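With the hints as constraints, model all of the structure from the sequences given.
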Amino acid sequence: MIIGEPPPLVGAFGVDAIAMTMRFGDFLALDNVELKVRPGSFHALLGENGAGKSTLVKCIMGYYHATEGDILVGGREQAIANPKDAHALGLGMVYQHFTLVPAMTVAENLVLARDDVPAVVNWPKEMKELEAFLARMPFKVPLSAKVSDISAGERQKCEILKQLYLKRRFLILDEPTSVLTPAEADEVLGMLRDMVVKGELTILMITHKFREVMAFADEVTILRRGKLAGAGKVSELTPDAMARTMIGAEELTVQPPRTGEAGKARLELANVRALDDAGAVAVHDVSLTVRAGEIVGIAGVSGNGQRQLVEVLAGQREAEGGEIRVAGIPYHASREQMRRHKMSLLPEEPLKNACVGGMSVADNIAFREFDRAPFASGGWWLDRGAFRDDAKKKIGQYKIKTRTPETPISALSGGNVQRAVLARELAGDVEVLIAANPCFGLDFAAVAQIHAEIMAARNRGAAVLLVSEDLDELLELSDRLVVMFHGEFVYEARTSEADLTEVGRHMAGH
Amino acid sequence: MADGSIGLWTVPLAVLGGAIRVSTPFLFVSLGECITERSGRINLGLEGTLVMGAMSAYGISYLTGSPWLGVLAAGITGALLGALHAGICSLPRVNDVAVGIALMLFGTGLAFYLGKPLIEPTAPRLPAIDFGWWSDIPQVRAALRVNVLFLIGVALAPILYWAFRTTRWGLLLRTAGESSDAARAMGHSVLLIRLRATMVGGFLAGIGGSFLSLFYPGSWNEGLSSGQGITAVALVIFARWDPLLCLWASLAFGGAAALGPALQSVGVTSGYHLFNAAPYILTLAIMIITCSPKRTLTGAPAELSITR
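Chains F and D are the protein sequences, given in the same order.
Note that the numbering used here has the first sequence beginning at 1, numbered continuously upward.
Note that the numbering used here has the second sequence beginning at 511, numbered continuously upward.
Keep in mind that the hints are not guaranteed to be accurate.
As the list claims (entries may be wrong) - Sample of chain D residues facing chain F (criterion: CB under 10 Å; computed from the structure):
| # | residue |
| --- | --- |
| 1 | 675 |
| 2 | 678 |
| 3 | 681 |
| 4 | 688 |
| 5 | 692 |
| 6 | 695 |
| 7 | 699 |
Bear in mind the hints are in silico, worked out from the structure with no lab data behind them.
This one's a predicted model, so the numbers in the text were calculated from it and none came from an experiment.
Ideal Cβ positions, reconstructed from N, Cα and C, are used throughout, including at glycine.
Set out below in structure tokens:
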């Protein structure tokens, strides 16, 4: 083995991680993990949140230095001290969160990413070169458009193009399709797959979507709790087998079966209009009825007005026009009305939208009722004991993992923050439930529990509005499906009769 | 006072002259602050920098006899104060707004303390270029006596506009201001970029101060600035962080500040103090018109502590 020699200058090369161990203090993030990505292959890295996928690729990219273990690039051992070293070897990474600067144009972002940005940029010349580069690439992006003005799909293409523009030939993609429609995902991954087949590129993709693994990947490595749980050829595996390897022996909450029929109209939106932060119309006169004992799912790529719609329903944003009625009575999201109509809310990013991070788990669980009996007497004298007792009960009931009820809620993991919000919102009677991406970024166990709770609320007769970017979640839970695009509802169907390609088409606005 | 030959024309002429004269400190401070804020940091201390710049310019000009050395000294003083601001803000969990207010008080206080002996003597002042030579009307000639610093400031605005777009320096600055994550992912030090931007911002604000003591009003006293530095910081927000708009906004504020004296010169003396308040009324009016609780400011650098 020759140490330190760079890989050949053209074509794909492989990367091996051998016996990787990574310790953060007492915590063992990676335990003797092995990953072999063959040159010119499309490799999937599967695992739950916290399984060590990100840690592993960050070790490869030089963000972390593994406690033990070696990285082989193109069959030769390399000491990758920092991301710059990894870049020099031709390794590139596309992050889950976009690293493009939104206020700048696509062209500016591409030129900026280079190591050798000239002191004065000759834009006419650069544009000519960029156009020539794009002509050779499988996907197109508008060079002069501001990144904030292009769609999520185009941004993801930009991120990938940026890596190719920088001549990286080993790409690590961190959940690259989480913001794309199924059709966009297929397009992007299909084009990358073509480049892999031609021998120009090697790809390592972190994902949790089995569909994409089955359709595009050659090989898969599965991690569980920092250990190698399995690896092999995709053609020899089934999604079920992969899921079992990912989860291990953990018991998942069983979702209750769908029972009962939809009743009377409970939540009615009539021509609701709302603006976004920039003052543009984000929700465009939408009308919708959700009946008791029914889950209505709103599908759509993020940024099509779902956030603003949920904020209006949650009272975080004022509607510009239209009317919202709950049980026939006009509704303005006041605390009194929320209580009267038994409204519950599971907003997205619960730590930011439904909790006060610095306050304790017990306080956060008591928010809805904190100034009433048994928590308070006379509406002002708070009984800390009652807070603690109620929290203890709900912590047990909802399996919230926290050291004490007094721990600040921001110290909890994402799944446990959402469980605490679930305990607050769903423990009592629920007549209307509004949930927005309730399972985003959570592990299987939390997802199963949240899905079961939502279904149970429906079965108890709640009208549920479920806004989600995860189409699989919507297909599993909702009775009716609505697609939101550019602030309008463009498609509606009973979920049992919904045509997936039709749904995907409408999500993309065709 | 009023010259019968041009009558009421005195007012717009005086406003024009005022726009040119009074706007210069606004222009320098706002362009400096524009650079600093585009890098993702807000420096409210520029009021202090302005006063320190005025004091040091006057002092150096008096001691060396060269007003231009005074201007340079003012710039260096400003850059040092900018470095102090950036240095403190580089520490973890430090709020740039609070540091700015502290430095504003520190800068003005220090300038008053060091400047005590400078109130009496007269320092050499900056020369002006006479653009009104073609006219016989004294008011026109007075209005068009333009200081070189004003011309430099006017040229600086489009240069900055260009530099933000087409230079490596400008692109990096904007990246740091729009997404520090992106800048870090490219291997740049956000703190270093902001340190430089704050120093350049302080340099320009210091020069703005030198204009106050060396040209208009052209002496050193403690009431010299009367909040012009802090107004200029607010001006950057009206100007949507665009250097060209900073130029127009500075001219508008300069003109508004000249309104009171101009009206007085044609005999409108009632409400003199009210007209003197014109810049502040303009500030409030623009605030009310341009701001809305339902929208975020467009053009605001995303990393700025007031927009995050």
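Hint-by-hint comparison with the structure:
Given the 10 Å rule on beta carbons, the hint for residue 675 of chain D holds: about 8 Å separates it from the nearest Cβ of chain F. Residue-level restraint check for residue 678 of chain D holds (minimum Cβ-Cβ distance to chain F is 4 Å; threshold 10 Å). At about 5 Å, the closest approach between the beta carbon of residue 681 of chain D and any beta carbon in chain F falls short of 10 Å, and the interface hint on this residue holds. The beta carbon of residue 688 of chain D is positioned within 10 Å of a beta carbon in chain F (closest approach about 5 Å), and the interface hint is therefore held.
Interface restraint check for residue 692 of chain D: the shortest CB-CB distance to chain F comes to about 5 Å, inside 10 Å, so the restraint holds. Annotation: interface hint on residue 695 of chain D holds; nearest CB of chain F at approximately 5 Å, less than 10 Å. At about 13 Å, the closest approach between the beta carbon of residue 699 of chain D and any beta carbon in chain F exceeds 10 Å, and the interface hint on this residue is violated.
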